[in-house]
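Going by the working numbering, the first residue of the sequence shown is number 4, and it counts up by one from there.
Incorrect hints may appear among the rest.
30 Å max Cα-Cα, derived DSS-like pairs, lysine-lysine [what the hints assert, rightly or not]: (1) 85 - 131; (2) 52 - 85; (3) 140 - 56; (4) 185 - 85; (5) 140 - 85.
Hint data in this document are derived by calculation from the structure and do not stem from the laboratory.
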Amino acid sequence: MSNELAVIKNYMRSDVVKSGFSEILGERGASAYIASVVIAVGNSEHLQKCTPKSIAVSAMRAATLRLSVDPSLGKAYLMPFKGAATLVVGYKGLIELATRTGKYRYINVGPVYEGETVEEDRISGMHKLGGHKQGGKVIGYIAAFEMLNGYAKTFYMTLEEIHAHARKHSKSYDNPSSLWKKNPEAMERKTPLRILLQTWGYLDPTDAQAMQSEEDGAEMVDAVAVTLPDDVEPASKPLQTEDDLLAAFGYGGNGSGHVSETKRPYSPAALKERLEAIRAEALEKGWTVKENAAQVVAMNMQECFAGWQDAEYRRHALTHYLTGHESMKDLDAGWLYALKKWVNPQQDSGGAWSPDPMAVREAQAAYAEAERAKGQIELEGITA
């Protein structure tokens, strides 16, 4: 986990940000939505370079529209632009916003292929599709709707017209990380659909205002009375001493330089049982994912380092991997980073430590079980 992502996670899970999302979605909905934002940011190195405040504000605007920012759904996207995140509503999001009004019989946008023709009736303004498709080359997109009262409208743009419009109106058109470069088809579909809706269609006034602010690059959410800080204090103090580290990971540091000898035979079944117990306790006590991760790491590390016969050796190894790297200071990062480094110690220690091959295999199995448990916990909505 990069340091930038750790800072963004901490910001998104701060009380002031959670309060803002709760006003929009309710407390339960806010936790799930924040988790989806963190996942989206975690999957984008470019977003991780954006300011936490801009990510939160853009996500709140998406939440106001009640659109998911999961990029796989294509409804709304958090996109980087000059160091700040901006909201981009996808064409599927536009269709959803229009459909919610209950005024449309149908609404759609689709491609026109080479060989097909588009004729416009000068009286009605409607477009008629003719000709025959020749191959799969797209030459334009046509958007259409019909309302329940019988009013219907179509709008057609060639690819050249779409991209000329984008170059003129989109500030991010030439940005390599923009949707125009990463998912041009989605943006090509969106352009005629958006013009159609804004010119002849109907959207809920609040949604229409939010859509306008997206186009203008607005930075605040008018629908939510919340002022976000530029940054927040860390959710917890960093671990300062060796004993702090040992205590946090269940190693009973007592200041004497020694740790308790807690050795248990490893077995996947026993580990799974302990993971399930931790998950049940997390659900019962409402632990955050971070708190739960610390507990799972504690158990995981005890199993992984059981291969070392000397407790003092294990203590120094654990301390090395928790303090030797900047990213390790974040417990949420530690559980992935520590194990990967431990099973390949020569990267950092020059081969000074050589793990037992059996211990390595057991460590990998332990990590796989722990990772599945963490994923299940996040799926069930236990988020910071």
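Now the hints, each set against the structure:
1. The hinted pair formed by residue 85 and residue 131 fails the criterion: a straight-line CA distance of about 42 Å is larger than 30 Å.
2. At most 30 Å may separate the alpha-carbon atoms for a hinted pair to count; residue 52 and residue 85 meet this at roughly 10 Å.
3. Pair hint residue 140 plus residue 56 does not hold up; C-alpha atoms about 42 Å apart against a cutoff of 30 Å.
4. Our distance criterion of 30 Å between C-alpha atoms is met by residue 185 and residue 85, whose separation comes to about 17 Å.
5. Taking the CA atoms of residue 140 and residue 85, the gap is about 34 Å. The hint is violated against a cut of 30 Å.
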